[in-house]
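Chemist: Place chain B on chain A using the hints.
2 protein chains.
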Amino acid sequence: MARWQPDAPGRLAAAALDLFEERGYENTTVIGIAERAGLTKSTFFRHFPDKREVLFGESAMTGLLAGAIAAAPAAAGPLEAVAHALDVLGREVFADDRREFSARRQAVLEANPELREREARKRIGLVDAMTEALEHRGVPGRTARVAAKLGALAWEIAHDEWIATNGEDFASLVRQVLAEVREVSAAC
Amino acid sequence: MARWQPDAPGRLAAAALDLFEERGYENTTVIGIAERAGLTKSTFFRHFPDKREVLFGESAMTGLLAGAIAAAPAAAGPLEAVAHALDVLGREVFADDRREFSARRQAVLEANPELREREARKRIGLVDAMTEALEHRGVPGRTARVAAKLGALAWEIAHDEWIATNGEDFASLVRQVLAEVREVSAAC
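As they're listed, the protein sequences go chains A and B. The numbers in my numbering rise by one with no breaks, and the one at position 77 of the first sequence is 1073. The numbers in my numbering rise by one with no breaks, and the one at position 23 of the second sequence is 1019.
Chain A extracted, bound-state conformation:
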């Protein structure tokens, strides 16, 4: 009989990250991750299909972004709606107490081709979700795709800077990168 486990996905992700660092991704098993988290294998499989997925909370993030784009003020242009969604992401996901976890996660990803490939697929999925959410606001196809990809560009640079430094929060780094995009493209 499964008891409810508070934040089981978060505990499993933290345990997986520990083990990927200690033993390497290849040498880590689902049972090992569950044990380290103080949970059972079946709890693991209620949340993730395999060890590869444990660092990728993709569906939650997709829902968060699509919801925030839908909820952006009606007067907001496409990139403003995306920036609004990245503000929400900064509050809900990339908050300051997550910085160290994110930096360690990034280092594990960079060392493992299988995880890098998974991350690349996740990004494509998130860009597609943002594009679709913009199209629901009536933004034409190519414009929606450009705005979603600009959001991903700002996200990626801001995330790298956020995990490398301390002090500045994710959302303000996103705004700085978008200001840079505006300046650079205005001069072309």
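Think of the hints as simulated: they come from the structure by calculation, not from any bench. Be aware that a few hints might be false.
Identical chains blur together in the list; that is why a pair holds if it fits in one copy or across any two.
[Unchecked claim] Okay, derived cross-link-like pairs now, DMTMM-like style, lysine to aspartate or glutamate, Cα gap no bigger than 20 angstroms in a straight line: (1) K1047 - E1022; (2) K1118 - E1152; (3) K1118 - E1054; (4) K1118 - E1031; (5) K1118 - E1106; (6) K1047 - D1003; (7) K1037 - D1014; (8) K1118 - E1088.
Modeler: Positioned in the frame of chain A, the structure of chain B alone reads:
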């Protein structure tokens, strides 16, 4: 005694693409590729380390882009220098007689995770090369990275549109996407 083979890399890439389509990537061997191209295995290995590399002319493309950015007019801003490099790419690589090959290559990549991962790494390498070439022009680090990533964004969308349609050339699609970037980011 090896004779000089005109455009051996191009013939090997064309043969590999045929076989990847016919038999699948997994079932294709280096010997099979060389035979189909009418060349020897040792000619293959003079140009590529393994079958995975045969669709990725990365070092030539890196040199082309870095050279074109260096050669852009001194007065050109960072994104204009990148656009100049993409014009050269459109003439030298993505010319109209290459459209069908590019469309087939893209389909093979999409069907194969190993090749997708290789393509993602190639893109990172090309963005890094463009960033570095801009820094050599005196562009500050973050601005250089933003301009290089905007170039990659325009390249990716223009390439998708170029292989899907006929008529418009690669360079003019790039310019259209960059104009869209300017409009979208000005309104944010």
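Chemist: Give me the numbers of the hints this structure contradicts, sorted from smallest to largest.
Modeler: 4
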